[in-house]
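Trainee: Join the two chains, each given in its own frame, into one complex according to the hints.
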Amino acid sequence: MRYVRAFFGFWYDFLVGDRPELFVGPIAALFLAWLAVRAGVPAPMTGGLLFVLVATVGGSSIAWAMRG
Amino acid sequence: MALVTIVSSFLASAVEFVEAVTIVLAVGVTRQWRSTLLGVVAALAALTLLVAVFGTAIILFVPINVVRLVVGGFLLIYGLQWLTKAVLRAGGARAKHDEAAIYEREIAVLRTEPPVPATGMDWISFTVATKGVLLEGLEVAFIVVTFGASAGMLGPAAAGAAVAGALVLGLAFLVHRPLAAVPENALKFAVGVMLTGFGTFWAGEGVGIDWPGGDATILALLAAYAVLALLAVYFVQGRLANRRLRVTAAGPGY
Chain F
1 MRYVRAFFGF
11 WYDFLVGDRP
21 ELFVGPIAAL
31 FLAWLAVRAG
41 VPAPMTGGLL
51 FVLVATVGGS
61 SIAWAMRG
Chain C
1001 MALVTIVSSF
1011 LASAVEFVEA
1021 VTIVLAVGVT
1031 RQWRSTLLGV
1041 VAALAALTLL
1051 VAVFGTAIIL
1061 FVPINVVRLV
1071 VGGFLLIYGL
1081 QWLTKAVLRA
1091 GGARAKHDEA
1101 AIYEREIAVL
1111 RTEPPVPATG
1121 MDWISFTVAT
1131 KGVLLEGLEV
1141 AFIVVTFGAS
1151 AGMLGPAAAG
1161 AAVAGALVLG
1171 LAFLVHRPLA
1181 AVPENALKFA
1191 VGVMLTGFGT
1201 FWAGEGVGID
1211 WPGGDATILA
1221 LLAAYAVLAL
1231 LAVYFVQGRL
1241 ANRRLRVTAA
1251 GPGY
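Going down the list, the protein sequences come from chains F and C.
Note that our numbering numbers the first sequence so that position 33 is 33, with each residue one more than the last.
Count along the second sequence from 1, add 1000, and you get the number used in our numbering.
Heads up, a few of these hints could be off.
Simulated pairs of lysine to any residue, SDA-like, Cα-Cα distance not exceeding 25 Å [what the hints assert, rightly or not]:
| id | chain 1 | residue 1 | chain 2 | residue 2 |
| --- | --- | --- | --- | --- |
| 1 | C | Lys1131 | F | Tyr12 |
| 2 | C | Lys1096 | F | Met66 |
| 3 | C | Lys1096 | F | Ser60 |
| 4 | C | Lys1131 | C | Leu1038 |
| 5 | C | Lys1131 | C | Glu1113 |
| 6 | C | Lys1131 | C | Thr1048 |
| 7 | C | Lys1096 | F | Arg19 |
| 8 | C | Lys1131 | C | Gly1170 |
| 9 | C | Lys1096 | F | Gly17 |
| 10 | C | Lys1096 | F | Ala55 |
Pair by pair, the computed Cβ-Cβ distance ranges are [to be verified]:
| id | chain 1 | residue 1 | chain 2 | residue 2 | range |
| --- | --- | --- | --- | --- | --- |
| 11 | C | Pro1183 | F | Gly17 | 20 to 28 Å |
| 12 | F | Thr56 | C | Gly1214 | 22 to 30 Å |
| 13 | C | Ala1166 | F | Arg2 | 33 to 41 Å |
| 14 | C | Ala1250 | F | Val24 | 32 to 40 Å |
| 15 | C | Gly1092 | F | Thr56 | 19 to 27 Å |
| 16 | C | Ile1107 | F | Phe8 | 29 to 37 Å |
| 17 | F | Ala63 | C | Ile1102 | 24 to 32 Å |
| 18 | F | Arg38 | C | Ala1100 | 49 to 57 Å |
| 19 | C | Trp1033 | F | Leu15 | 32 to 40 Å |
Stretches of chain F that chain C covers, calculated by requiring three or more beta carbons in the stretch to come under 8 Å of a beta carbon on chain C [what the hints assert, rightly or not]:
| id | segment |
| --- | --- |
| 20 | 12 to 21 |
| 21 | 37 to 46 |
| 22 | 49 to 57 |
Bear in mind the hints are in silico, worked out from the structure with no lab data behind them.
Quick reminder that beta carbons are idealized off the backbone N, C-alpha and C, glycines included.
Chain C on its own, in the form it takes in the complex (with noise of 0.2 Å):
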């Protein structure tokens, strides 16, 4: 259990902080890398407190089955949304993420703020930078609180996040650049369809399902679920076929 939970966390986490990375490689590009710096570590800092506390304080006082109820409920709701979105992106129905294009449009708002001052911080890229990493690393702190403590595992869930976050700020290091080459869209349907699975297994426990075959459903749900979000990914192709198909033999409409 320790494994899959250092894993989902790992997966869930490491998309979260290429969308983060993205903004902060676009205000250190455009205006000042030290403030930028600053503001990633002040981030940083409060949602590790936040997980720290947050996580503890349910793990310590809350009964684990109302644990699970609540924030596997949470865990379900959330894992849902990723997974519908996932599919309607797989289908072709919603955009996919395009960080190479975020990246732009953030560059394109940063040039039309007042210029870097020439001594001392800059506090529009400490701002911007902070505000950037706190929103998407709150989803992480989301998802490690609920995994963490669902499962009794905040140790292995912190640390499959902060592995994710390690490797994504390495790497857009290095590379400087965007990590638009990540299969974003791919990691979040896999996220999403994990989210799901853990989420009804847990939340069902807390109703007080007595699973049979114990953590090994878990495998099961997932397994079914994967299965069930492909079917609705052909499912939503199928209709924006049809779709097309009905608006060419319409004809221009003139």
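The following block holds chain F by itself, in its conformation from the complex (with noise of 0.2 Å):
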């Protein structure tokens, strides 16, 4: 058991870490972007939508860290 929490423990670390705002916001910007290609929205529009997403994600981390 204890080294079942040890390794999770390492991976939430690894990937989660003190910014959980790095991990989920990236799975939401994918999750948004998804449903956008679902919806046939045209490619060129679906691609600026996820990079627009994911740098405001990193925009938003660093502007909450500047606040800390």
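Mentor: Here it is, written out as structure tokens:
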């Protein structure tokens, strides 16, 4: 049990760490991009949307870190 | 694409190997070189096995669109973490990585350990070196597997990492000092841009985006992220300067 907890603890620290918004944000961005693809939004617009969403997640995280 | 994969993997791995070498040097210098190097070999063997098993399994058994979505998604998450940290460091909001200071700290900790045995293996050297290389190397393995699997180029990605490892270890062996002169923070900034750009591209393909311009879009994404990251550095510097001004204007507070 200790090893299982240590294993998941390692991966949590590795991928989430102290910035959960950088884990949840890109997943949410990809989900929205997937919805846009399914809705038939043209590829250049969907690609642009994904880029803007990822940049917004990164920018928000930096702004958040500056407030803290 | 192969060259880009090699360069990206090389740069990302070089940064991690520099950090691992600092620990290895500290253990070797303060304790026993033979046990330390055996620890390094054990960790490198474990990492090679990990990359070979997981990388090959992912490429052979998982459909490419799933690989691109899941693995590209991980790359995007990981890249964004690197990039935002690098921006905060470059802007002065976060302490920069200082290998010389880390080296001194490691040596101070190792001096509190029991003395090296007169004969045979020094298990403390072995364990600390193995753990250090394994932990830093896992990040290399993660990058090699994600990059290699998403691009379908595990070989070039592994080659980039191997060259980086050989170069960093060789340099450290020659100078016998932590590689503090390596522009680690600038490298992390560049690698953060690369991982985020490639992660966006591959994860985007995974969700079904047919990027206009094909692979050439990667270059546009890299350029756009680089520009935004530089603007973010100016934003951070500006906020810190404003904060300092406000503190100065408020006076000493008595």
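Trainee: Are any of the numbered hints broken by this structure? If so, which, sorted upward?
Mentor: The structure breaks none of the hints.
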